[in-house]
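Could you slot chains C, F, X and G onto chain W? The hints should help.
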Amino acid sequence: MPMDDMPKLFHDQSAKTGLSPGSLIHVGDRITERVRITILNYDDDRFDMREGVTPEDVVGCRNGDGVTWIQVRGLHQPEILEAIGGRYGLHLLMMEDILNTGQRPKTETFESCLFTVLKSFRDRENAVWGEQISIVLGKNFVISFQESDQDLFETVVRRLKNKMGRIRHMGSDYLAYSLMDTIVDHYFEVVDLMADEIERIEERLTANPETEILEAVYQLKREILYLRKHIFPMRDVTLRLEKGDSPLIRESSRFYLRDLYDHIIQITDTIETFRETATSLLELYHTSVSNRMNEVMKVLTIISTIFIPLSFLAGVYGMNFKYMPELEFRWSYGIFWFVILVAAGAMILYFRRKKWF
Amino acid sequence: MPMDDMPKLFHDQSAKTGLSPGSLIHVGDRITERVRITILNYDDDRFDMREGVTPEDVVGCRNGDGVTWIQVRGLHQPEILEAIGGRYGLHLLMMEDILNTGQRPKTETFESCLFTVLKSFRDRENAVWGEQISIVLGKNFVISFQESDQDLFETVVRRLKNKMGRIRHMGSDYLAYSLMDTIVDHYFEVVDLMADEIERIEERLTANPETEILEAVYQLKREILYLRKHIFPMRDVTLRLEKGDSPLIRESSRFYLRDLYDHIIQITDTIETFRETATSLLELYHTSVSNRMNEVMKVLTIISTIFIPLSFLAGVYGMNFKYMPELEFRWSYGIFWFVILVAAGAMILYFRRKKWF
Amino acid sequence: MPMDDMPKLFHDQSAKTGLSPGSLIHVGDRITERVRITILNYDDDRFDMREGVTPEDVVGCRNGDGVTWIQVRGLHQPEILEAIGGRYGLHLLMMEDILNTGQRPKTETFESCLFTVLKSFRDRENAVWGEQISIVLGKNFVISFQESDQDLFETVVRRLKNKMGRIRHMGSDYLAYSLMDTIVDHYFEVVDLMADEIERIEERLTANPETEILEAVYQLKREILYLRKHIFPMRDVTLRLEKGDSPLIRESSRFYLRDLYDHIIQITDTIETFRETATSLLELYHTSVSNRMNEVMKVLTIISTIFIPLSFLAGVYGMNFKYMPELEFRWSYGIFWFVILVAAGAMILYFRRKKWF
Amino acid sequence: MPMDDMPKLFHDQSAKTGLSPGSLIHVGDRITERVRITILNYDDDRFDMREGVTPEDVVGCRNGDGVTWIQVRGLHQPEILEAIGGRYGLHLLMMEDILNTGQRPKTETFESCLFTVLKSFRDRENAVWGEQISIVLGKNFVISFQESDQDLFETVVRRLKNKMGRIRHMGSDYLAYSLMDTIVDHYFEVVDLMADEIERIEERLTANPETEILEAVYQLKREILYLRKHIFPMRDVTLRLEKGDSPLIRESSRFYLRDLYDHIIQITDTIETFRETATSLLELYHTSVSNRMNEVMKVLTIISTIFIPLSFLAGVYGMNFKYMPELEFRWSYGIFWFVILVAAGAMILYFRRKKWF
Amino acid sequence: MPMDDMPKLFHDQSAKTGLSPGSLIHVGDRITERVRITILNYDDDRFDMREGVTPEDVVGCRNGDGVTWIQVRGLHQPEILEAIGGRYGLHLLMMEDILNTGQRPKTETFESCLFTVLKSFRDRENAVWGEQISIVLGKNFVISFQESDQDLFETVVRRLKNKMGRIRHMGSDYLAYSLMDTIVDHYFEVVDLMADEIERIEERLTANPETEILEAVYQLKREILYLRKHIFPMRDVTLRLEKGDSPLIRESSRFYLRDLYDHIIQITDTIETFRETATSLLELYHTSVSNRMNEVMKVLTIISTIFIPLSFLAGVYGMNFKYMPELEFRWSYGIFWFVILVAAGAMILYFRRKKWF
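Residue numbers (this note's numbering), protein chains in the order written: chain W, 1 to 357; chain C, 1 to 357; chain F, 1 to 357; chain X, 1 to 357; chain G, 1 to 357.
Next up, chain W with everything else stripped away, as it sits in the complex (with noise of 0.2 Å):
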């Protein structure tokens, strides 16, 4: 199938995120240079895992009775997803869309399989790693493609492995909730990254409020909204999976995909209420500004007030008039001071009791 029907294949809309060199978010640029292929197959007794299969092993491989797992990690040999994609009969779009990094999150019915894609942000060494991973669930078997060579799903390989819980029983859709729901767990340690970075940011700005933190603000709410728009979508997501009547997710999963559903919310109230305390943050700087500013007029105001009259008076007694009685008194220098100082002290008593300093 001839592939010149697709101009808008690789729309990479990465360099268009929104986000500035520096963010704590990295999208999609950990891209591995070879793609791997991993194939697991596994029923309540068996476990089998093969690594690093070429795609002919893909096309040729036979279904047993069990679940079969193809993980494909990188996306840049588009001829690996063509012979994959052959040989489960996936459809055209699904295909443009798995390499089309750019999409939001979103599921599909097609005619033999559900498809879905979402993002993954982990956080690897403090800074968040994001790539957009696709799901493509079929009877007896689960495709997963990502961008990068990260071993995302190895707890869930290790559970397989292991026959820890009920993964072993259960069908191809409980491996598909599994995997997304290792991606919604590390939006937990992403949401707590992002927790971190506020309280951060919120004592420099306590303590000193400079033009730089607002720049830091600014690229924080950047970040929230980044997450924002490519984890709402996932409410919408899990919702349609678990109240679809797709006969490939079973009754029993539904509960599953329930809670699912539910850690995505408290994940999503989470970034709100981060987004309003990043208004609010913006708020506090423009506070704290403009009492900086009160600070700096009071200063002059205090300053001005005592000096510019005494300064008068001064300039009064400097004055050359010829009769000027004063000049001549004996004690009018000592009283000139007495009453400085006295006039000074008064106002400085009125600007304390004004609370000015």
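Everything labelled a hint here was simulated from the structure, so no lab data went into it. Since this is a predicted model, take the numbers as computed values, not measurements. Treat each hint with caution, since some may be false.
[Said to hold, decoys possible] Calculated pairs, DSS-like style, for lysine-lysine (alpha carbon to alpha carbon, straight line, at most 30 Å):
1. Lys354(F) <-> Lys354(X)
2. Lys355(C) <-> Lys229(F)
3. Lys355(C) <-> Lys298(X)
Frame of chain W, contents of chains C, F, X and G only:
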């Protein structure tokens, strides 16, 4: 049933509630050290209450014709939950939600029971103590779980014991309603406490707009948002219980749930009013800050405007030009003071008329 | 039936309405001291009205073929409510809602009657008096409860007595509509009163933006919010009455309820306009404050900019250098003044052109 | 039928429209003094128009096979409405709505007719004149009521008379549509007028941000809100007419109503744009005011910063210390001026580089 | 069919788009002078394209088994539209909408065809050119109308000619989808252009917050609102095409329309992000303006605070009192300078510590 399938069991989010230490609201930190179980069993004629029973007692207990209420205080011994869960056939996900205290209020229908999670907020010594309450409603039993050892449902127990009202004649659904109603009644106390706090801040604000009050307003806002986040979903919960078609809720109980819903609406309305009040408190702060700034500016302007021209005049007669006829004139100095005082008086009048002071 | 099952019966929230003392709106404080009961009985031909009857009379009264309207003024004797409730089979929760005067307007369908709670607001001597009205509509009776002793429904009684309009030919549903319609008609008075208040504040604001006016605007805003909170749910109430399928509301009455709904919409629209007006009054206040600030700043700048350079010049010729040729020159002093006046004039011209004054 | 059952008949809200005198929009004050009735009767072949008929003529007129259009101009003689209402069986509430000119646009289905109320806005001599139009659509008749004597539907009459387009072949529903379409067409004129006004204000604002312009912007905003309030409900009206299942609207007319709906949407979109523009005009005003303030502050700062230090220097050499070697030195005075000019020049350069002027 | 029934046919709203001259977006002003018609006819095996045909050709052309695409470029000759409309039975209202270029994007179902109006935006030489495209989809034909002579659908023609992809095998619905898809693809270019513009403004803003940039930001905001207004309704259009039950859209095409919908969502998301960015650019402008103001105030305050007290001291020793012992003292002048420098240094240190400079 092994628990190794539950990697996210203890997602404790209490550290991320967004509330600072010193806040009015305290969440889940008066946790009990010992889990206490009480079994109540009653019907129209009979009332039997056993305190401090062991999990084995629960497992072994025979449910007669009446209603059985198992009240579990404390969550830190998951094995107790496992025992009870096994006895009453609770779903694994339900048990996870009971233990994970960061739940959003929700209600869910399982095969043989209705599961409801909500937050209790109570006023204890002028502080709000929050904890998560889980209520499992079965055909002729209710199981309630709470985090702390507090005697939240003391009034319900008393009404059961003393056969007050209709509670002894009615089924387990009325008991579950009574528990929720007790929790919602406590919300009113909390709302009153918040109202007092708001009034106190408002008074301080009008008396003296200092920066600490700004802190207090922000703290207040966070607390309001926190309450909002945990009480608003209750509308949904009660509505779903009322409108739901679960056979566990009898027709006669739906009126009561409707009433509960109305109470929640009243509370959420009040919380919304609080939110608007908090916003206008912030506005008020900014207004009074800017009013003070204006006052400072006016003082500066009045002083400068009066004395700068006068100083100029004094400066003129301090010049050393040889031919300055005024200097020689006998009454110059007196006239100088006369002019000065008239000019100053005129300016003061001008400012008075402009209502600058 | 013992009342000990009603722990929340007297949740009086009037103290927490958010309205300060001195407010335009007064809620429920002209409470009557004696409960007054009036029984009206009428059909096409007959009209019978007994005032000041006792609860026993109510219990004993036989409903003929016509419509019976029991008007209860005052709520503080729950035993009267109990007696009436027992006679007409009112649900316990309904009786709680009648007594608890902090209800949100709502309508509820019980087995044999329709229960509606709403707030009446009336203009009495340029102040708004609010109270809670409960209307129970049965097959051939209407029971109305109000907090105060005011003659709210005087026009309805007059129309009944004088056989004005169609009211005597129609059933109990039309009577209930007439009561609600009377209440809504009073809202128009209140809205007019608010409009006058807004106009008065607007005038004061443009005349002299002082801080007390800010207080007045905030008070106004609170009052608008208060009205909004209690009138907006009325849209829902009337809509549900009109669209509901209760057999107690005849087809012919639905047109009237639709009309009532339209009136409510008109009122809520006006209240929304008020809210926007209050917001722009606040904006206007801030604008005029900042305009005054600008004026102050301009005065300061003009005075400083004119006199500071001149003072410098005067200072120069006050220096004691031995060799300052200008000092010796005959016309120096005259030239000095000439320069001074020209410079001052030039600056004044400059400020004029800049439109600073 | 006595009207004493209609206590709220003349709720005239025009005094409370929120528009000040001198506003662009004028509502209902070109009220006609005489009620004028015109009866038009037409079918495919016949066209008959009688102007200035009496109510008796209306009552007596026989409806042939064609469509009858009764056009009533002026509302102040309720007895005429009563006569027509009696003849065509109009509901009492409908007649109230026709007379009460404070209606929100709405459409209502009565037994034998469809009743629509809307506001007409027209550009007459660069001012907007508004009035309430009521249209009653029956099986083969249309009755239109308007407040003023204006010839609003002149184009429709002309098209009828000259047999232009399809209007003569189609039924009463198309006539009603044509009337509404004419009204909506006039909205476009009004929108253009507003656009011109906005442009004019924008120009004045950028030229000279004075306080009167602020007044004008607020006035504009009120006018936009007023239009919005009366045109937005039209979306609902046209949608309900199109989607409604009234047999009075034929299938073939629904396309036209859909088209009308699209026009309303276009107009409401434009009004929304106006609202946003008005908001940004306000922002612009505040920005330019604050820019002027900055300019003032800069002038003050430049003058003060240059002359205050120089004045100090002059003050130093005005001191009377006995031993001040510089005073004796021959070139001191020249050097003083040199220093002064260099310092002033340096500061001017500094401010230039900072782009302060 | 006479057109005199279409009084509103040429409501040209382009003059009122709210975009100033010099804007990035240009709407409908590269209008072609000649109407150009191209007829394409194809099926699986055959491809036939006739350019520059006359309206008579269109009327006379026989539709074979394949798909006929009539591409009309230019709208200013309504008689051509009439001819085509008569041939294909287009509804009068549809023809009005095609000619009236101020339409909101919409889709409508007529008896025998689906009518869709949308706006095309394209990047041509770093400016956005917009025009209205109307697409009529019939059983085996598509008619497209555009305002200008641009070769918008060149890629579609090429794919048809070269038998690329599946387009030749599929029906008229796929062709209509392809046209819309091409238009939506161009939106991505426009969005990129806007992103560049935003970046450019952002850079200028941080470099130097001048008033012209404010102008640019407002212009940008208007452009974003303009795009938003014309692209947002596309969501509805594509959704209605996909979900609609028109038999003209085959089941197999719905996947593609869903895909189109996803692209629109991506674009509208980006536009929303732009809107938020524009708002924060405005905030940034105001922040940097207020920061500059603060800087100005600090300079004023520092200079005044240092020199005003020193001037006072100089003034004191300029007084002419007879008995001022300091004046006689040998080292007074030196001490005076020492005191002055120490005081000035101390104040500078103080300001440094306060981080004022």
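Hint check:
no. : hint                    : in the structure
1   : Lys354(F) <-> Lys354(X) : holds (22 Å)
2   : Lys355(C) <-> Lys229(F) : violated (40 Å)
3   : Lys355(C) <-> Lys298(X) : holds (26 Å)
In this structure, only the earlier hint numbered 2 is contradicted, and the remaining ones agree with it.
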